[in-house]
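For the sequence shown, my numbering assigns the number 457 to the initial residue and increments by one for each residue that follows.
Treat the hints with care, as some may be off.
When the alpha-carbon atoms are kept at most 27 Å apart in a straight line, the in silico DSSO-like pairs for lysine-lysine are as follows [stated by the list, open to error]:
no.: 1; residue 1: K501; residue 2: K558
no.: 2; residue 1: K477; residue 2: K676
no.: 3; residue 1: K652; residue 2: K626
no.: 4; residue 1: K652; residue 2: K707
no.: 5; residue 1: K707; residue 2: K768
no.: 6; residue 1: K652; residue 2: K676
no.: 7; residue 1: K620; residue 2: K497
no.: 8; residue 1: K557; residue 2: K528
no.: 9; residue 1: K620; residue 2: K549
no.: 10; residue 1: K626; residue 2: K528
no.: 11; residue 1: K676; residue 2: K620
no.: 12; residue 1: K620; residue 2: K477
no.: 13; residue 1: K707; residue 2: K501
no.: 14; residue 1: K549; residue 2: K653
no.: 15; residue 1: K528; residue 2: K558
no.: 16; residue 1: K799; residue 2: K749
no.: 17; residue 1: K676; residue 2: K565
no.: 18; residue 1: K578; residue 2: K565
no.: 19; residue 1: K620; residue 2: K528
Beta-carbon label-pair distances, calculated as ranges [claimed, not checked]:
no.: 20; residue 1: E543; residue 2: N777; range: 47 to 55 Å
no.: 21; residue 1: R801; residue 2: K590; range: 28 to 36 Å
no.: 22; residue 1: L646; residue 2: L668; range: 39 to 47 Å
no.: 23; residue 1: S674; residue 2: T594; range: 39 to 47 Å
no.: 24; residue 1: K768; residue 2: L668; range: 30 to 38 Å
Derived by calculation from the structure, the hints in this document are not laboratory data. Don't be surprised by glycine CBs; every beta carbon is placed ideally from N, CA and C.
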Amino acid sequence: MSDKSLDVDKSAYLPFSVIRKYSSGIDNHIKSHDLVFANLKLTPKMCDVLAMLFTKMRAEDWFVEGDLSSSKPAQPRYIFAINEISEFFGCEKRHVASILKKPAMNLQKTVVGIERGNGDFKYTSLFASISYEKGTLTIVPNNELRESYISKAKSKGYALINNKQYLALKDAHSKKTLDLLSRFKTGQKLFPMSIKKLQYIYGVFGQNGEVLIPTYQSPKTFLRRVISDSLKAIADCPESRERIEIQTSEKDGTLGYEIESGDGEDTRIRFLYRWTACFSDEDIEEARANIEKLLTENRKRLDEGFDSPALKIDELRSLENSLEIVMSESEEDQQLFESLLVKVREEIEKVTAILEDYENEQKEKVSGSIQDLAKSFL
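Could you build the full structure based on these sequences and the hints that come with them?
Written out as structure tokens, the structure is:
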């Protein structure tokens, strides 16, 4: 038997995992480290379709019955109803088909390039299929890219990107730059990168080094028309102003970046930015997950016969903290969780009072016991 006979598409035998719902709302989408730094040449609408997909995509989608611990792979199939698409793109339903047709066709033909620091690389199709029929969009990602999509994004690192901010940007370069700036929001920042590396990421060069966008082959032109212009677009975007500060270089006077070293394509630049939101998108995402976990645990304990409140004092305080973080994100979240926060604070006061009474009783008992022992000793 030849080796070629063994070369089969294993994904064809994987059980399908059909995903219709958004598990964490539509405010943000997650993009893995691999895809943030991947070689991709996209139009603005192609970027937006991917953003819609990543808003729905979660790690558990890639495993049978959503069980991350099972290690049994599945092939996710993402379903988008016309109402969802209309809401996400802010368009009328009658325009959905025409809006999706061209970017969907181009995404089906798109090859993504992923390079490793050790020289390894992989080029493969982004999707297995994408179709639109009777008001329903179906996207089947290429399972060959499962490790680079989302299944290990949490361990490899990822960018959590605000959808309003992303969709407000009208060109693909600005969206890609926002991807890069969103990769590190707290503590760390993007490391300096060479013009050559950035040209690869922005799709100026293809998988074999061929020039895909001749206009931007010149390092100076690329720096001016891609990097500089995209940083200015982000800085000027109303949806960005309260979230990120694009800083000016004290050394060069340039907005959003400064030249570190090198010449020509070897020139290295450092991005200059600071996320200014009280809480980062990562903080808010983690807080939402914590709220869901604690409320689920509370319901479980109540069903098992626990008295209300079923959560311990440290859990109630953790829930209070997470609610405060999430409510800082928007007026909608504030209205949604306000009554719950009031209830949680009332429960904290009650439990704290009970614990204080208990501690006082214990102190009195200990004090009385010591006095009795003292009398017997004397």
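Structure-based check of all given hints:
Proximity of K501 to K558 is assessed by CA-CA distance (about 9 Å); at most 27 Å being required, the pair is judged to hold. Pair hint K477 plus K676 does not hold up; C-alpha atoms about 45 Å apart against a cutoff of 27 Å. Simply put, K652 and K626 have alpha-carbon atoms about 24 Å apart, close enough for the 27 Å limit, and the pair holds. Distance check on the hinted pair: K652 and K707 sit about 22 Å apart at the alpha-carbon level, within 27 Å; holds.
The straight-line distance between the Cα atoms of K707 and K768 is roughly 53 Å, outside the 27 Å bound, and the hint therefore fails. Between K652 and K676, the direct Cα distance comes to roughly 11 Å. Compliance with the 27 Å bound is thereby established for this hinted pair. About 22 Å separates the Cα atoms of K620 and K497, which keeps this hinted pair within 27 Å; it holds. Between K557 and K528, the direct Cα distance comes to roughly 34 Å. Violation of the 27 Å bound is thereby established for this hinted pair.
Taken as a hint, the K620 and K549 pair is honoured in the structure, with Cα atoms around 20 Å apart against an allowance of 27 Å. Distance restraint check for K626 and K528: the Cα-Cα separation of roughly 40 Å exceeds the 27 Å cut-off, and the hinted pair is therefore not satisfied. At most 27 Å may separate the alpha-carbon atoms for a hinted pair to count; K676 and K620 exceed this at roughly 31 Å. Distance check on the hinted pair: K620 and K477 sit about 19 Å apart at the alpha-carbon level, within 27 Å; holds.
A C-alpha spacing of about 36 Å is found between K707 and K501, which places the hinted pair above 27 Å, so the restraint is violated. Simply put, K549 and K653 have alpha-carbon atoms about 40 Å apart, too far for the 27 Å limit, and the pair is violated. A threshold of 27 Å between alpha carbons decides the hint, and for K528 with K558 the separation of about 35 Å lies outside it, so the pair is violated. Only pairs whose Cα atoms come within 27 Å are accepted, and K799 paired with K749 is accepted, the gap being roughly 17 Å.
Only pairs whose Cα atoms come within 27 Å are accepted, and K676 paired with K565 is rejected, the gap being roughly 30 Å. Of the supplied pair hints, the one linking K578 and K565 holds, its CA atoms being roughly 16 Å apart against a limit of 27 Å. Restraint check for K620 and K528: the C-alpha separation of about 35 Å exceeds 27 Å, so the hint is violated. Taking 47 to 55 Å as the suggested C-beta distance range, the pair E543 and N777 does not conform, at roughly 31 Å.
Hint check: R801 to K590, Cβ distance near 49 Å, so the stated range 28 to 36 Å is violated. At about 23 Å, the CB distance of L646 to L668 disagrees with the hint of 39 to 47 Å. The beta-carbon spacing between S674 and T594, approximately 41 Å, falls within the hinted interval of 39 to 47 Å. For K768 and L668, the hinted distance range of 30 to 38 Å is not satisfied, since their beta carbons lie about 57 Å from each other.
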